[in-house]
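Please arrange chain Y on chain F, whose structure you already have, making use of the hints.
There are 2 protein chains.
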Amino acid sequence: MKILNNGQLTILDIDKKVTLYGFVANKRKMGKLIFVDLRDRWGITQLVIKNKIKNFSKESILKVVGKVKERKDKNPNLKTGEIEIIVENIEILSFAKQLPFIIQDELEAKEDTRMHHRYLDLRRPIITNKIVIRHKFNKAIRYFLDNLDFLEIETPSLSKPTPEGARDFLVLTRKKDHFFALPQSPQIYKQLLMCSGFEKYFQIAKVFRDEDSRKDRQPEFTQLDLEMSYANEEDVQKIIEKMFKFVFKKLNKEIKIPFKRINYLEAIEKYGVDSPDIRFECFLYEVTKMFRNSSFNLFKNSSSVKFIHCYEILTKKQILQLKEVAMKNGSKNLIWGFIDNNYEGPAYKFFKNEMKLIEKKFNLNKGTFLFIGDNYKLTTKSLGAIRIKLNEFFNWTKNKNDELVWILNWPLFEYDENLKKYIPSHHPFTSPTKDSIKDFDLNKNKAKARAYDIVMNGYEIGSGSVRISNLEIQKRMFEAIGLNKQEYNQKFGFFLESFNYGFPPHAGIALGIDRIVMLLTNSKSIREVIAFPKNPNGIAVMEKSPTKIIEKN
Amino acid sequence: MKILNNGQLTILDIDKKVTLYGFVANKRKMGKLIFVDLRDRWGITQLVIKNKIKNFSKESILKVVGKVKERKDKNPNLKTGEIEIIVENIEILSFAKQLPFIIQDELEAKEDTRMHHRYLDLRRPIITNKIVIRHKFNKAIRYFLDNLDFLEIETPSLSKPTPEGARDFLVLTRKKDHFFALPQSPQIYKQLLMCSGFEKYFQIAKVFRDEDSRKDRQPEFTQLDLEMSYANEEDVQKIIEKMFKFVFKKLNKEIKIPFKRINYLEAIEKYGVDSPDIRFECFLYEVTKMFRNSSFNLFKNSSSVKFIHCYEILTKKQILQLKEVAMKNGSKNLIWGFIDNNYEGPAYKFFKNEMKLIEKKFNLNKGTFLFIGDNYKLTTKSLGAIRIKLNEFFNWTKNKNDELVWILNWPLFEYDENLKKYIPSHHPFTSPTKDSIKDFDLNKNKAKARAYDIVMNGYEIGSGSVRISNLEIQKRMFEAIGLNKQEYNQKFGFFLESFNYGFPPHAGIALGIDRIVMLLTNSKSIREVIAFPKNPNGIAVMEKSPTKIIEKN
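The listed protein sequences correspond, in order, to chains F and Y. Counting with this note's numbering, you get residues 325 to 877 for the letters of the first sequence. Counting with this note's numbering, you get residues 325 to 877 for the letters of the second sequence.
Hints are computed from structural coordinates only; laboratory data are not their basis. Since this is a predicted model, take the numbers as computed values, not measurements. It is possible that some hints are incorrect.
Result set (DSSO-like, lysine-lysine): computed pairs, CA atoms no more than 30 Å apart in a straight line [claimed, not checked]: (1) F:K530 - Y:K530; (2) Y:K500 - F:K434; (3) F:K326 - Y:K463; (4) F:K676 - F:K656; (5) Y:K799 - F:K382; (6) Y:K499 - F:K434; (7) Y:K530 - F:K387; (8) F:K868 - Y:K499; (9) F:K499 - Y:K530.
Output of the computed footprint for chain Y on chain F, the stretches with three or more beta carbons under 8 Å from beta carbons of chain Y [said to hold, decoys possible]: (10) 452-464; (11) 547-555; (12) 856-868.
In this text, a Cβ means the ideal position worked out from N, Cα and C, and glycines have one as well.
Bound conformation, chain F alone (with noise of 0.2 Å):
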């Protein structure tokens, strides 16, 4: 068995005779001498070799047996960067045929290249590193709970379809037309650990999601599932909180708690979206009324006209890029301006007027003003994805801190415009608030819910709430999502039962660990912190699946 490793030996080893186990990360030839740096997990070790040439290739790996010794010329960038091997011994192992890719964190090759050998792309330091944080993120975790004397209990995989179906995975059984369904949240089941009286229950847990091709596709993902009962929205958040700042700290990392809070409404109307990246300004500023009296028809019309601000003078190339972004999410009318050493743009010229006042009133004489006209909805959408483009554009975020933020005050429902239909703002099984619990199915335009999302520099990571725990509120939650007696009781019959055999108050939260870990580790995607993840379409280019299987007997 390996006992050493290769970011192990220091001076102190000197004249001692090692054996040592790796992977040849680099060969350089010098006279009569090979110098190699054996790789493994945990460092780089130079070996030095001697009247034992063997002809071994990059990536190849060696068992060597040898001698440390001091280096001359010292290398204080590696942790055994005192020491060197001189080789006594040398086996090959394995022997590496030409790789695909360079085994380095600078990388050039393609995503898609990297996937289909994702074993090698594995092999790169700056990779390796990805997993093992994760490792020591989820390790905290259960240690932080197990503490609190929360139990990780396993809920099925294999489970019951959801009446939201179409992003069902479903699993071919035995009996013709009957499935089973991966779970997208142990949502029930961890309620009814609730009524079971287990009272604080977590699981890093698989889930699945079966998303419409035209999203970037991860079909599994990890979540931390946590509930408890006899806790409310705040008790959950504190516990979320002090997590955070033991894992973090597990990982060298500083965050402040208690986390900042802010509403629903406030995260809209301020960010133009429901997951603010509060670690810059660059608010979005109300002047609808300021445009009531315009000669400007368009902003005149518009039941809704916001701008944003930016010290910095963009391109002419930024701000077409920003108008595709308005495009995309729905609305054509965004109108620029800026000031620089003069003003320009269309803002300056379709309604100078009400730019001279707005320049006053915002105390703003510098920099980029971006409109946009349209109603509510699209125009907060629209300057929020803005908003972002500008960060990306300019990269304000830089070297800040993490920034953790409660999205509080949620809406019960929202409209689904496809749907014509109320649907859930979060899941049906979220309490209305104290004011809403009257009324909610009858007002489900005003309804409150009893939820909180957790944001991370922009990113949704978490979503909990307070949970129903009664039966007659739960009945008229699946009546308001129009679900009759007769479909709720065939898809959550057994659920609705367990409500009559005493059921505790409860509360929870699920986290996405891909996406914090993704954030903990300065990556792009989710991807590169999965160990072997699917591509943007869903395929494991790899493994070459989903694949065809014309019959199963």
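Only chain Y this time, still in chain F's reference frame:
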């Protein structure tokens, strides 16, 4: 939030004002007082209620505020048995209707009824405790392995269908006739992680098997999957032994290491099975030669005659039951005889002379003899099953310590009578032994594997091997099991390719967590230690799944 639990208050808390939450486990009226046992996961606290009479049923959920007082009639069996709570305020958080069964450890209810209301079944302290032990078991494993620098890495649940596809659960995708498969094991992924240089990997992983409907089915299992580079069989075995030592200690149990090691052939010869329960003797004895010239033709013509002996005298009913066991295992020829005060049974009728010799040779002059004469496979199999049944009769293993044993020196292949071909004894990634490498594909019946199983109390709980890490050997192995080049390239091409880029020698193991926890908690079935199991027919009776779905849009 709930601060105190119901297993916590002691005599040191006298006169404190406390708030408690929990289920009404019991309720007794005595004059004007009501005594309530308030239960949660941690224990029971006695409440005394006067003047606050409210109507609540057993299993309803209460929130009470009251004062801790010393009890007159102390209960030494209860952690909180020295105190009680004089209730000042009481709130019924959830009212329980009539329950389908009583929440107590001893229960008459049928398993189906319990599973139908598994969330209530889980409230029974004996069952709650099994789930708690499962949590502690997994936690201890993770702690131990992390300490040795193993990384827990998640591998895909949506993976590629395998050649042994008949047991794959297939997952529908949006592309017609194209499927993912749920993994029967992360075998290939974990080997690729060795190719990536992670060196020490583990995972507590969900795996799936779509068993034939004749078997007691649990379609999803949890396994501890582990793999190490630069390790041989002994290295893996030692780590697993240390792990068990550690985990047992955490569960307040004892286990001696190293475990016994028995060769596969010896296990069959001595115990009749490859997963022997070594906690009791009652071995199989070999007597074929002694019948070579017998007048008892049945045994004279059998290629293998063996017997087992126990000191108990069996009843006629028990003998009949053993005959059934032999029949089930393919052998009709169970011949018994016993010595009590006199000699009885067919053995003494049909081959009295041989019996005299046998008594003498094995020094047995009391108890029951049970003979089978058949071919080697049926003789050993039947007697092995009879041996287990005898232990069921006499409970020799009651109160015995757990015994773990390694089974070594496995054949590389076994002949499948149905398929009429050799299949791998374990799987096609198992390395042949050094002696077998040259001709394992030519002498399949003699080839040996670098495989090791681990057995606990007569149950196989894990299986491991040194893996093939050489391309040519892996190809020969695929061909040996009947895959031609096109087939193995189509199914395993991506894996074979990885052998070209440096692949460390490696070995590993997979342990069945459900089964180990079943044994640790003295449970009769793995269903007891799975929070929401399927029934023996593979059906979730609570959720009523698999579910009929005519069309997926």
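Quick rundown of the hints versus the structure:
Taking the CA atoms of K530 (chain F) and K530 (chain Y), the gap is near 9 Å; set against the 30 Å cutoff, the hint holds. Between K500 (chain Y) and K434 (chain F) the CA atoms are separated by roughly 29 Å; this keeps the pair inside 30 Å, and the hint holds. This hinted pair checks out: K326 (chain F) and K463 (chain Y) have alpha carbons roughly 26 Å apart, not beyond 30 Å. Taken as a hint, the K676 (chain F) and K656 (chain F) pair is honoured in the structure, with Cα atoms around 21 Å apart against an allowance of 30 Å.
For the suggested pair K799 (chain Y) and K382 (chain F), the alpha carbons sit about 24 Å apart, so the restraint of at most 30 Å is met. Taken as a hint, the K499 (chain Y) and K434 (chain F) pair is honoured in the structure, with Cα atoms around 25 Å apart against an allowance of 30 Å. A threshold of 30 Å between alpha carbons decides the hint, and for K530 (chain Y) with K387 (chain F) the separation of about 35 Å lies outside it, so the pair is violated. Under the criterion of a C-alpha separation no larger than 30 Å, the hint pairing K868 (chain F) with K499 (chain Y) is consistent with the structure, at around 14 Å.
At roughly 23 Å between alpha-carbon atoms, K499 (chain F) and K530 (chain Y) fall within 30 Å of each other, so this suggested pair holds. Figure legend: the stretch 452-464 of chain F, annotated as covered by chain Y; annotation consistent (7 residues with Cβ-Cβ distances under 8 Å, at least 3 required). Counting residues of the stretch 547-555 of chain F whose beta-carbon sits less than 8 Å from any beta-carbon of chain Y gives 4, enough to reach three: the coverage restraint holds. Chain Y is given as covering the stretch 856-868 of chain F, and this holds because 7 residues of the stretch bring a CB closer than 8 Å to a CB of that chain, at least three being needed.
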